[in-house]
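Which chain is which? The protein sequence lines are A and B, in order.
So for the first sequence, the working numbering puts the first residue at 1; every next one is plus one.
So for the second sequence, the working numbering puts the first residue at 1; every next one is plus one.
Hints should not be assumed to be uniformly reliable.
Said to hold, decoys possible - In the BS3-like style, the derived pairs of lysine-lysine whose C-alpha atoms are separated by at most 30 Å in a straight line are:
#1 K184/B / K280/A
#2 K28/B / K208/A
#3 K201/A / K28/A
#4 K280/A / K208/B
#5 K140/A / K208/B
#6 K184/A / K201/A
As the list claims (entries may be wrong) - A few chain B residues that face chain A, going by a derived Cβ cut-off under 10 Å, partial list only:
#7 L8
#8 I12
#9 P52
#10 I53
#11 L112
#12 A133
#13 V225
#14 I283
#15 V327
#16 L331
#17 I332
Keep in mind that the hints were calculated from the coordinates and are not lab data.
We put the beta carbon where it would ideally sit given N, CA and C, even for glycine.
Number of protein chains: 2
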Amino acid sequence: MQTHDFFLILLIILLTARVFAELAARLKTPSVIGELLAGVVLGPSLLGWIEPIEAIKLMAEIGIILLLFEVGLGTDPRQLARAGLKSLVVALSGFSLPFLLGFSVGYWGFDLSLLVSLFIGGTLTATSIGVTARVLTDLKRQHAPEGQIILGAAILDDVMGVVLLALLYEFSIGGGVTLGNAGKVIIFVVAFFFLAPMAAKLMSTIIKHINSTTEIPGLIPTTIVSLVLFFAWLAHSMGAPELLGGFAAGLALSRRFFLPFGTALHADPSFAECIETEMKPIIHLFTPIFFVMVGLSLNLHEIDWSSPFIWAFSMALMVAAVVGKLVGPWLIREPRPTRWIIGAAMIPRGEVGLIFAELGRESGILNNEIYAGMVIVIAITTVLSPFVMKGLYSRFSHRLQTAASA
Amino acid sequence: MQTHDFFLILLIILLTARVFAELAARLKTPSVIGELLAGVVLGPSLLGWIEPIEAIKLMAEIGIILLLFEVGLGTDPRQLARAGLKSLVVALSGFSLPFLLGFSVGYWGFDLSLLVSLFIGGTLTATSIGVTARVLTDLKRQHAPEGQIILGAAILDDVMGVVLLALLYEFSIGGGVTLGNAGKVIIFVVAFFFLAPMAAKLMSTIIKHINSTTEIPGLIPTTIVSLVLFFAWLAHSMGAPELLGGFAAGLALSRRFFLPFGTALHADPSFAECIETEMKPIIHLFTPIFFVMVGLSLNLHEIDWSSPFIWAFSMALMVAAVVGKLVGPWLIREPRPTRWIIGAAMIPRGEVGLIFAELGRESGILNNEIYAGMVIVIAITTVLSPFVMKGLYSRFSHRLQTAASA
């Protein structure tokens, strides 16, 4: 690979992703959809300009763990406690129902194998914090009661989703679906989830100390990226997907993270802010590469659009994806409009769903048609949900104001 | 290449570079020397842990054009005008004498070929703005008269060095050393140097406009990196080395850049500052990878240390490198201590010298022993010069104060 060819490919990816993201934003659609489309346009589906070369693939992998790092960084464990039981109910039902429905669609509806059906169910569990938080913020409802419930449920959903992902990952590389395998992974993941943030916190304290004495600039970018890479590598060594490591590192470094013991390591807001400021440009540089790669790896020509399978499959999945998320809010005590809004807010699968589907494709579990069907469902839920939420808010605005001030 | 293996290699490179840079800084040595050493330690010369895989090599290439972008960003064309004639005299002599001496050492002293000798001379022309500016800033002399002369001369040196590099590059890939080739390159480079900053300025104006209207974060990292990659690619297409593009893009976006015509495009300090803030973390992440790769590509085992050649060659080169830079200050009207200080400040070759040598090695012109000899000279000049400068300043401090206030 010649250096200047690589430069050209990378800059085409970055610029096209940006142009499509901007267009998506003008159409009031999440920018991640634009980046995905950029990949579809550049890849074998349309223009065929860009082939996924190894160096770009590896940079995309950095992008995805950095994105999970950012999600972790934005996670507030205390918010979970505050939103409390209601979030838990919404999250649990919004996790288990889509999983069961998606699994059923695959296993019984379309006679797919156990592992494939598990992956399909797993992909439907995701809730895109990114998209949901963005819409709530746009509407200035992120601190309203229903906003708190939604954000809390989305975070819990993410944590459960990552654990499930670790499980499926182990099944796919290890010896199939067994209880022993599942037990091992859950022990590892739980251990990792408790120990990794503490270890990361300790390391960040060391980095903070060095940062106050060093004369050479650039400490935070190199050491924090190294920290994230290290936990991704560690997660992999323990049999969990690399993303889990990125998420754990982000959680540990988040502004509101607290350790269960020891006040010596409590979060330092100014240092956390410093990390955010310096890491954001790096995260923003790498993550679009991932979503473009997802679009690139989708070859729409290879799919037989005349076969009834793909249409029936994505329709059935779409119903599972929507219904699965709408039930939860009816299990909690909230006014009817709030229930609809919470349900709609949980529907977009966004980047987390894509990560799931991509992992399934990469490990060879999902074939091209199933993968395409899932990407279609992910894209539609992600694109439509913001419009639905905005519609519901403007329709019920009067009654919601009352609910919020009650 | 497995993703987790890649993560591990990248994090080892980043962390080792940092540890060695910190150690170098504690020993009052430029941090670039530490990063170089990190590569020597990790590579085939010592531990043999890391092999230069393609993805890391390509990331190192991004690092080096981003470094040149940063140098361009820090360049102040007005400062050149201010330091004026004295800088020009120091720069011209500090460029041509080392070139002639280095060439003579190679061509007549050691019977090397024309192209190899030209590369040796070219490598010796460099002056490390980074190292010199750092020492001057540490001593708070960057705004003193001699500081202005030194910085101006170092910048001019860089510009001439990059043009020379473009020439040698064309000779090495094209049809050897001919006047026609040289003329073509000089026309291209001059055209590039005049047109590229204007084009880059225009593009940055567009980016600035989008930046004020966009809702999606991350515009600057993706578009500015794309801009730098584009000019690197463009430079290559015009037969110049990629670095030249990075430098031109940086120059265009620098806070003090001005276009010869049209006030509509004059520099906007707040936007330039914004670019600096967001690009710094990215530059700091990528550049150490380049210097570690330089160390990695140096296999000290392959060098026959018992042969008199390497010793005689590096000794002769060392003399050429020092003497060539010391003559210039005696051609201008300055007190004797100032002359010594200016001479010492011009000696460190630093990263620019390394880039030269690395380009020669990569294109197969410099063999292992010549390359090693040059890296030794670059390392010694870079390490020693700051000590000499500090020694001269503390010895002549009394007389310099008078000169500065005169």
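Each hint, compared with the structure:
1. K184/B / K280/A: violated, 43 Å
2. K28/B / K208/A: Holds: K28/B and K208/A sit about 22 Å apart, inside 30 Å.
3. K201/A / K28/A: violated, 38 Å
4. K280/A / K208/B: holds, 19 Å
5. K140/A / K208/B: Within the cut-off at roughly 27 Å; holds.
6. K184/A / K201/A: holds, 25 Å
7. L8: Holds: closest Cβ of chain A sits about 5 Å from L8/B, inside 10 Å.
8. I12: holds, 9 Å
9. P52: violated, 13 Å
10. I53: At about 9 Å, which falls below the 10 Å cut-off, the nearest Cβ of chain A leaves the hint on I53/B intact, so it holds.
11. L112: violated, 27 Å
12. A133: With a minimum Cβ separation of about 13 Å from chain A (threshold 10 Å), the hint on A133/B is violated.
13. V225: Hint on V225/B: holds, closest Cβ of chain A at ~6 Å, below 10 Å.
14. I283: With Cβ-Cβ at 8 Å, under 10 Å, it holds.
15. V327: violated, 33 Å
16. L331: violated, 35 Å
17. I332: violated, 32 Å
Hints 1, 3, 9, 11, 12, 15, 16, 17 from the list above are not met by this structure, while the remaining hints are.
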